[in-house]
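Please take these sequences and the hints and turn them into a complete structure.
Okay, here's what each chain looks like letter by letter:
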Amino acid sequence: MVKFKSVLACLVLLVTGSLARAELVVEVTQGVAEPSPVAVVPFNWSGTSALPEDVAKVVEQDLARSGFFSALPRESMLGFPSRQSDVYFRDWRVSGSDYLLIGRIEPLGEQRLEINFELYDVLKEQRLMGQRVESTPAQLRDAAHYIADRIFEELTGLKGAFSTRIVYVTADRRADNSNRYRLMLSDWDGARPRTILESSEPIMSPTWSGDGSKLAYVSFETGRPAIYVQYLSTGKRERIQSFKGLNGAPSWSPDGNQLALVLSKDGNPEIYVLDMRSRQLQRVTRHYGIDTEPTWAPDGQSLLFTSDRGGQPQIYRLNLSSRDLERLTWEGNYNARPRLTQDGRFLAMVHRPQGGDFTIAVQDLKSGRLDILTRAGLDESPSIAPNGSIIIYASQEQGKGVLAAVSLDGQVRFRMPSPGGDVREPAWSPFLQ
Amino acid sequence: MRALNLMKAAALGAAVAWVAGCSTTSTTTDGGAGGADGQGGSGSASSYGVDGSGVSGSDMADVNQLQTVFYFDFDQSVVKQDGFADLEAHARYLSQNPGASVRLEGHADERGTREYNIALGERRANAVERLLIVNGASASQVETISYGEEKPAVMGQGEASWAQNRRVELKYVSR
Chain A
0 MVKFKSVLAC LVLLVTGSLA RAELVVEVTQ GVAEPSPVAV VPFNWSGTSA
50 LPEDVAKVVE QDLARSGFFS ALPRESMLGF PSRQSDVYFR DWRVSGSDYL
100 LIGRIEPLGE QRLEINFELY DVLKEQRLMG QRVESTPAQL RDAAHYIADR
150 IFEELTGLKG AFSTRIVYVT ADRRADNSNR YRLMLSDWDG ARPRTILESS
200 EPIMSPTWSG DGSKLAYVSF ETGRPAIYVQ YLSTGKRERI QSFKGLNGAP
250 SWSPDGNQLA LVLSKDGNPE IYVLDMRSRQ LQRVTRHYGI DTEPTWAPDG
300 QSLLFTSDRG GQPQIYRLNL SSRDLERLTW EGNYNARPRL TQDGRFLAMV
350 HRPQGGDFTI AVQDLKSGRL DILTRAGLDE SPSIAPNGSI IIYASQEQGK
400 GVLAAVSLDG QVRFRMPSPG GDVREPAWSP FLQ
Chain B
0 MRALNLMKAA ALGAAVAWVA GCSTTSTTTD GGAGGADGQG GSGSASSYGV
50 DGSGVSGSDM ADVNQLQTVF YFDFDQSVVK QDGFADLEAH ARYLSQNPGA
100 SVRLEGHADE RGTREYNIAL GERRANAVER LLIVNGASAS QVETISYGEE
150 KPAVMGQGEA SWAQNRRVEL KYVSR
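Taken in sequence, the protein lines are chains A and B. Using numbering that gives the first Met the number 0, read the first sequence as starting at 0 and increasing by one per residue. Using numbering that gives the first Met the number 0, read the second sequence as starting at 0 and increasing by one per residue.
There are no misleading hints in this set.
Derived DSS-like pairs: lysine-lysine, alpha-carbon spacing no greater than 30 Å straight-line:
#1 B:Lys150 x B:Lys79
#2 A:Lys264 x B:Lys79
#3 A:Lys264 x B:Lys170
#4 A:Lys213 x A:Lys264
#5 A:Lys158 x A:Lys213
#6 A:Lys243 x B:Lys79
#7 B:Lys150 x A:Lys264
#8 B:Lys150 x A:Lys213
#9 A:Lys235 x B:Lys150
#10 B:Lys150 x A:Lys243
#11 B:Lys170 x A:Lys243
#12 A:Lys399 x A:Lys213
#13 A:Lys399 x B:Lys150
Calculated directly from the structure, the hints in this document are not laboratory data.
This is the structure we're talking about:
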């Protein structure tokens with residue numbers, strides 16, 4: 000039994016701007032070579048008033064947008080069964096579906112619902128799993144993402160990341176040529192967008208804490224860059240660092256007790272580690288070159304960062320206890336903005352091959368092999384989904400900033416066209432709760 | 000403290016800009032001597048106009064005619080030689096008007112990562128700051144900020160746009 004508490008319901012907005020911002024929508028441009036055909040039957044609703052979400056539709060979209068599945072259109076379904084006794088496997092075999100998901104939603108008294116879903120292997124005529132989920136009308140979308148996660152994990156062996164969220168920055172140029180910057184929070188697929196900070200000055204480098212409860216980011220709202228921490232549940236926020244010069248590129252340690260960041264107060268950009276409890280600041284790099292974009296290894300023992308100490312930006316790893324420094328990237332003349340998968344094995348980065356454009360690449364730290372994943376030319380800000388399956392990044396289409404994503408093996412690609420202005424700097428949340 | 004930082008910075012890696020700044024104060028003829036970025040030879044018309052206005056050269060009317068945007072090559076933070084004369088004139092104005100102050104805003108083009116570009120913009124603003132200071136401005140009259148690629152001067156892709164966005168803008172905070 001699973002109950003949903005709504006994180007968003009108690010979100011206090013810092014601004015009174017419009018809530019209903021134009022929404023980003025995932026468009027899959029390339030899936031796996033042979034996506035598994037799945038039929039997601041509309042869930043039967045036995046209540047009287049209409050539900051605010053089509054749960055089965057959200058599940059179906061999650062599965063299809065992962066690139067691993069193709070969904071059978073509802074108009075091709077010969078019936079809408081909601082119990083095993085009504086399932087005729089032959090019908091679903093004929094329609095070419097390998098898997099079948101059915102479900103029903105029943106009222107559980109005032110503002111409470113119960114969802115039962117069941118997943119079948121059509122060819123084996125076998126029930127693979129089923130579960131009962133409790134929800135409220137307001138949290139139906141969360142419940143749907145949860146169901147999609149269960150199904151995805153059952154069928155692929157990979158933990159689903161449909162219940163996760165993303166943050167991103169938008170910039171809209173107004174008629175008087177000034178800009179409006181917004182820090183946005185949405186479901187992984189762009190749905191339910193909320194403005195969590197709005198400013199006439201740039202907002203940069205949003206990053207999630209390991210438990211998903213808060214963000215750190217850079218805002219120029221005072222006229223100078225400063226690092227802020229904002230709690231998602233209350234909207235409360237705090238200015239953490241505002242030294243003279245740069246205050247940038249915050250990154251939470253896996254345990255959430257430390258924040259790596261970049262300050263240039265001592266003359267040029269260096270990486271520091273701030274202890275969030277004692278507020279003590281420790282400088283960890285010492286070089287006249289640019290040191291920036293720190294990110295923690297999942298074990299918390301080392302920091303990866305960008306440095307041009309060798310003449311061009313390349314990625315280095317600094318062991319925090321031994322202080323050993325190792326250069327990790329050797330191919331191409333620009334490697335920056337490192338991000339590691341949760342197992343620490345794969346390094347996603349912005350990569351420019353000799354004489355080429357800026358792409359997203361991934362390096363296997365075990366074998367050293369580097370794969371270029373994108374070709375759009377100005378790609379940046381890679382952020383890896385917590386299940387390690389896909390990298391979301393900022394790209395450009397017709398001169399406009401958009402979000403796009405590519406799986407680590409390059410097989411699955413999607414884009415999120417922007418109905419408004421520039422969209423940039425996506426950051427994928429960790430698994431939530 | 001501030002002077003110490005500057006000396007440190009100069010000693011650590013900014014020797015090029017330092018040398019370039021000194022050389023142009025000592026000679027008005029051979030721009031090549033500074034040779035900071037190999038771009039020499041294009042002594043700008045405005046610089047002669049300012050020099051021609053006389054030794055005083057520091058009233059507002061003259062400062063208003065000076066170049067206030069200085070451009071850079073990709074991933075570089077070396078002030079180009081054609082900006083030296085006007086930067087010297089700004090420095091002269093600042094040294095003769097202790098109440099005046101400027102803000103130097105460093106920028107980068109959109110290529111490369113945002114945080115790296117913020118660092119690059121700061122490096123550019125610092126290079127201009129050093130030139131002002133070696134030419135007589137006091138450190139307290141100059142503040143720097145970097146916007147990286149966040150505030151492009153022109154939209155659009157291609158070298159023509161990017162070249163205009165790799166810049167430092169000098170803005171008078173008080174005259």
